[in-house]
Amino acid sequence: MSITIILFILLAVLLIGALLWAARPIERRVVTVDAVLTALSEEHHYSRLPKILQVLQPGDTAFLGPRGFTALRNQVRAERKRIALLYLDDLQREYEMLLEASRVVAAMAPELIAMDEARRFKLNLRFVLGCRYLRWKLHLGLGPQRTFGSLSEMSSGMALRLEMATTRIGERAALTSDYSSIRDEGGDGSQ
Amino acid sequence: MSETLNLRNLEWALTTITELFLVVYLVRRKLLRSHPVFSTYILIVILQSVLMALTYRIWGFQSYRAWLAFWLGQLMVEIARFAALAEVARQVLSPFSGIWALGRRILLAVTIGVLVYAALLSKLSWQYWPFNLDRGVGLAGGAVIVALLLFARYYGLPMDNLNRSLCIGFCLYSCFCVINDSLLEKWVYDYASFWNFLGVLTFLASLLIWIGAVRAYSETAPARNPVIVPKELYGKLSTELNVRLRQLNERLGHVPHSEDQHL
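Listed in order, the protein sequences are those of chains A and B.
Note that my numbering has the first sequence beginning at 1, numbered continuously upward.
Note that my numbering has the second sequence beginning at 1, numbered continuously upward.
Be aware that a few hints might be false.
Said to hold, decoys possible - Covered stretches of chain B (chain A as the covering partner; in silico rule of three or more C-beta atoms under 8 Å from a C-beta of chain A): (1) 92-101; (2) 146-153; (3) 164-172.
As the list claims (entries may be wrong) - Computed beta-carbon distance windows for the label pairs: (4) L7(B) <-> T4(A): 28 to 38 Å; (5) L68(B) <-> V13(A): 29 to 39 Å; (6) L10(A) <-> V200(B): 23 to 33 Å; (7) N161(B) <-> V13(A): 17 to 27 Å.
As the list claims (entries may be wrong) - To list a few chain B residues with every Cβ distance to chain A over 10 Å, as calculated: (8) L14; (9) L20; (10) T55; (11) L68; (12) G73; (13) W129; (14) C175; (15) V178; (16) S182.
It should be emphasised that the hints constitute simulated quantities derived from the structure, not laboratory data.
Backbone N, C-alpha and C define an ideal beta-carbon position, used for all residues, glycine too.
The task is simple: from the sequences and hints, build the whole structure.
Pasting the structure below:
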């Protein structure tokens with residue numbers, strides 16, 4: 001059998017696989033415009049970050065080993081891992097909210113900026129892969145320690161560019177007028 | 001030989017009856033208005049079956065005229081199928097004008113890309129061109145449907161069960177056509193009658209999926225059109241969202257590069 005035939009058959013089989021995945025009903029999450037604006041203007045998990053980072057300092061457990069508190073050290077490390085995973089959960093939740101918000105905005109737009117959409121798609125891929133990679137590392141006990149220190153530095157400079165917030169608040173009236181949930185419109189078996 | 005012919009005739013008769021059932025359901029559910037192109041496609045398929053039955057009766061299975069009639073009819077069916085696909089894509093995406101504008105360009109690019117890919121990989125000999133065309137269109141159709149479903153999924157767009165079933169039916173049939181045509185190219189002589197049998201069988205499966213969806217279809221209150229925001233506002237929000245997403249990505253991105261200790 002030639003390579004061409006194999007390629008065609010392989011592609012067709014791949015398409016069937018992709019079809020089965022893509023044709024699953026979409027889990028609908030109701031996202032209101034208010035939620036979109038909140039997602040843009042609030043810093044959900046950042047406020048808690050300094051405390052988390054304090055707990056994650058490497059020096060906190062370094063002295064426990066030589067003093068014979070190995071069990072305690074292990075327990076503390078396990079707790080740290082749990083905290084790191086919780087932090088990742090938070091980060092992911094916020095990311096998903098922003099992504100959902102971007103979809104709501106896209107659904108309302110008269111014309112999409114293709115570059116913006118492509119960039120967002122790429123960012124999404126990067127984030128999903130990065131998040132999985134980190135989770136995997138943390139579960140295997142290979143979790144990074146200093147990383148959270150660098151996160152701390154970033155958190156201090158985490159003044160997000162919200163100069164548009166005022167404008168958005170002004171525009172909120174226009175936004176919230178009708179489409180409290182864009183996802184609810186046009187669906188549910190209606191034509 | 002006569003047993004094969006009987007089986008084929010039986011299969012054709014069964015498929016035509018199923019197609020007629022589908023038309024009846026389309027009429028009863030008043031879907032001729034909402035899905036005119038799909039309805040036309042089914043009517044063209046029925047017409048092709050009738051014409052081919054007459055052609056084979058007059059000129060026989062092995063004649064050049066029958067071969068030519070079959071492939072000309074097939075060309076019409078392929079065009080109608082693609083038009084029906086475009087109709088489904090429009091129904092799913094067009095309520096969201098921005099997404100529709102981007103989506104149709106992407107779907108067009110996918111179609112052209114796959115057709116060019118199929119043409120480059122296909123044999124150049126004239127006797128293969130109908131298979132090549134059939135296979136190329138099948139592959140392009142399948143790719144377009146998958147791209148449409150992925151696109152709708154990415155943006156979380158609502159898709160009713162009927163349109164989803166139409167997509168599944170079209171895609172399954174298109175993909176099996178690609179597999180069938182590829183196998184036929186390899187074993188062109190020994191495989192011909194089996195190819196016909198499988199081709200009709202997969203179409204029958206698609207018809208049953210569509211009938212199921214059309215039967216279950218119930219007309220509900222028309223959806224309100226989504227509200228459209230000014231382009232400038234979308235631009236602002238979109239940029240802001242991308243900045244925030246990039247910042248979160250950067251935060252995550254710092255993690256793998258700076259580890260040096262284990263937890």
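Okay, the hints, checked on the actual structure:
no.	hint	in the structure
1	92-101	holds (count 6)
2	146-153	holds (count 5)
3	164-172	holds (count 5)
4	L7(B) <-> T4(A): 28 to 38 Å	31 Å, holds
5	L68(B) <-> V13(A): 29 to 39 Å	32 Å, holds
6	L10(A) <-> V200(B): 23 to 33 Å	24 Å, holds
7	N161(B) <-> V13(A): 17 to 27 Å	25 Å, holds
8	L14	24 Å, holds
9	L20	24 Å, holds
10	T55	29 Å, holds
11	L68	25 Å, holds
12	G73	23 Å, holds
13	W129	15 Å, holds
14	C175	4 Å, violated
15	V178	4 Å, violated
16	S182	4 Å, violated
Hint compliance for this structure: hints 14, 15, 16 are not met, and every other hint is.
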